[in-house]
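Student: The chain contents come next:
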Amino acid sequence: MDILEEITEILAEILDIENHNISPETYLIRELGAESIDLLELAVAINSGFNIDVNDDEIFLRKLRDYITEAEQQNKNILQYLVKNLPFLSHKRLENIIADLEGGPTLKVKDLISYIEWQNHGT
Amino acid sequence: MFFFNPEYPVNPVKKIIFNSAKVLQKMKFTGNRALILGGSCDLAISLARRMIEAELFPILTYRNEKGREYISKNLKDCQKKYSSLYLEFGNRDSIDSLLHQTGDVIDFMVDFVQGNFESLVASADIEDVYSYFAENVSFRAEIVKRVARIMMKNKRGRLIFISSAAAKRPNPGQGFYAAAKLASEAIYKNLGLELGGHGITTVTLRPGYIDSGRGKKFIQDHSKEIIDKVPIKRALTKKEVAEAILFYLSNSAAGFNATEIPMDGGLTAGK
Chain A
1 MDILEEITEI LAEILDIENH NISPETYLIR ELGAESIDLL ELAVAINSGF NIDVNDDEIF
61 LRKLRDYITE AEQQNKNILQ YLVKNLPFLS HKRLENIIAD LEGGPTLKVK DLISYIEWQN
121 HGT
Chain B
1 MFFFNPEYPV NPVKKIIFNS AKVLQKMKFT GNRALILGGS CDLAISLARR MIEAELFPIL
61 TYRNEKGREY ISKNLKDCQK KYSSLYLEFG NRDSIDSLLH QTGDVIDFMV DFVQGNFESL
121 VASADIEDVY SYFAENVSFR AEIVKRVARI MMKNKRGRLI FISSAAAKRP NPGQGFYAAA
181 KLASEAIYKN LGLELGGHGI TTVTLRPGYI DSGRGKKFIQ DHSKEIIDKV PIKRALTKKE
241 VAEAILFYLS NSAAGFNATE IPMDGGLTAG K
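So the protein sequences, as listed, match chains A and B.
Be aware that the first sequence starts at 1, since it is given in this note's numbering, and climbs by one per residue.
Be aware that the second sequence starts at 1, since it is given in this note's numbering, and climbs by one per residue.
No lab work stands behind these hints: they were computed from the structure.
Take the hints with a grain of salt, since some may be wrong.
[To be verified] Derived SDA-like pairs (lysine to any residue); straight-line CA-CA distance at most 20 Å:
no.	chain 1	residue 1	chain 2	residue 2
1	B	K153	A	L15
2	A	K92	A	I37
3	A	K92	A	W118
4	B	K155	A	A43
5	A	K63	A	G49
6	B	K153	A	Q80
7	B	K155	A	I37
8	A	K63	A	S48
9	B	K189	B	K239
10	B	K155	A	S48
11	B	K73	B	K189
12	B	K153	A	K63
13	B	K155	A	N51
14	B	K155	A	K92
15	B	K28	B	A254
16	B	K145	A	L40
17	B	K155	A	Q80
18	B	K239	B	D125
19	B	K153	A	I52
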């Protein structure tokens, strides 16, 4: 089972939804309505299922908007600041996130996959 | 119901006491492995004995070699029915080491740990205040968080925090002790509130005067004062407290969650 399949199984069970409603592009909060208790359960399941340490704030991009505010206050380039603080996301993904902020919480299923791959590679 | 039989004149109270070990064995528990934080205090050892009688497996933590030896000496007749592991409140590395050794199953946790800190608020050394709260509140939050996540994997868990009647009614000099207890109670309460639906529940007990450990000498020195203050006119025994804790861990007490329960003989009920 690859990472996407496993994450899909976990999400479907936690959120009590059908697997076909979940793809890498699915928004966890905006579309699936995941609440904080669901995300906690997800973090525990990822920790257990993939045998990796999970920092909830990192994997769920909880400090994203704080980082953007910090970058603005310090007159720093927002993209570069995010690259430094969210190293498991690609430049392209971070550019998309910055462009997508007004729509609400930006966390997607593929961000979880990026985090797991990043942790698995020990970087 | 007790029926008096003239052929066998048995005192019913004695009969109940005689059977207390059997009563413990009859309690039903969801799970087996019980982590006891602060395992080298007399109350914890008394609890561990009753857990063993109830066929649970206690894992007692100690913070130094003296504590390890004390546990070993007092449970020497219970070899292989318990384990003891190092945990020092304030030393975050010791959490990693502890949880690495306990493995992925912790069904129960009973938390006796509390550093003592007596000082009038207006005369306290402020550096001591910072370190006291770091050890007794922040460190506790970390271990509660990590144990809760282990329990979440198994979708079950029961945690009991041993607070104190002083949390509700501190004496002069107990302000920081009471504040740390109340803060810790809030952590446990919220855990039960947040994870009750996931099978993880919490209870805080607030014992009053106990004829054991830190309170023993105080009780000996102030026996008249205690008799005057406590409606049941005596201190609690460690056996009573240990058996109450075991009850609150049992399935029969599953309805108690996210709450604080006084166990003080009525001490804090009146003026």
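Student: Each hint should be assessed against the structure and marked as holding or not.
Tutor: These are the hints, each one checked on the structure:
1. Distance restraint check for B:K153 and A:L15: the Cα-Cα separation of roughly 16 Å lies within the 20 Å cut-off, and the hinted pair is therefore satisfied.
2. Of the pairs offered as hints, the one joining A:K92 and A:I37 is violated, with about 30 Å between alpha carbons and a cut-off of 20 Å exceeded.
3. Distance check on the hinted pair: A:K92 and A:W118 sit about 16 Å apart at the alpha-carbon level, within 20 Å; holds.
4. In summary, the hint linking B:K155 to A:A43 is supported, as the alpha carbons are separated by about 14 Å, within the 20 Å threshold.
5. Restraint check: the Cα-Cα separation between A:K63 and A:G49 comes to about 25 Å, which exceeds 20 Å; the hinted pair is violated.
6. Taken as a hint, the B:K153 and A:Q80 pair is broken in the structure, with Cα atoms around 37 Å apart against an allowance of 20 Å.
7. For a cut-off of 20 Å, the pair hint linking B:K155 to A:I37 stands: about 14 Å separates their Cα positions.
8. Taking the CA atoms of A:K63 and A:S48, the gap is about 24 Å. The hint is violated against a cut of 20 Å.
9. For the suggested pair B:K189 and B:K239, the alpha carbons sit about 25 Å apart, so the restraint of at most 20 Å is broken.
10. Between B:K155 and A:S48 the alpha-carbon distance is near 13 Å, which keeps this suggested pair within the 20 Å criterion.
11. With a CA separation close to 35 Å, the supplied pair B:K73 and B:K189 exceeds the 20 Å bound.
12. Between B:K153 and A:K63 the CA atoms are separated by roughly 26 Å; this puts the pair beyond 20 Å, and the hint is violated.
13. Distance check on the hinted pair: B:K155 and A:N51 sit about 18 Å apart at the alpha-carbon level, within 20 Å; holds.
14. The hinted pair formed by B:K155 and A:K92 fails the criterion: a straight-line CA distance of about 38 Å is larger than 20 Å.
15. Restraint check: the Cα-Cα separation between B:K28 and B:A254 comes to about 11 Å, which is no more than 20 Å; the hinted pair holds.
16. Taken as a hint, the B:K145 and A:L40 pair is honoured in the structure, with Cα atoms around 11 Å apart against an allowance of 20 Å.
17. Straight-line distance between C-alpha atoms of B:K155 and A:Q80 comes to about 41 Å, which puts the hinted pair past the 20 Å bound.
18. A hinted pair counts as satisfied when its Cα atoms are at most 20 Å apart, and B:K239 with B:D125 does not qualify at roughly 37 Å.
19. A C-alpha spacing of about 14 Å is found between B:K153 and A:I52, which places the hinted pair at or below 20 Å, so the restraint holds.
The structure shown violates the earlier hints numbered 2, 5, 6, 8, 9, 11, 12, 14, 17 and 18.
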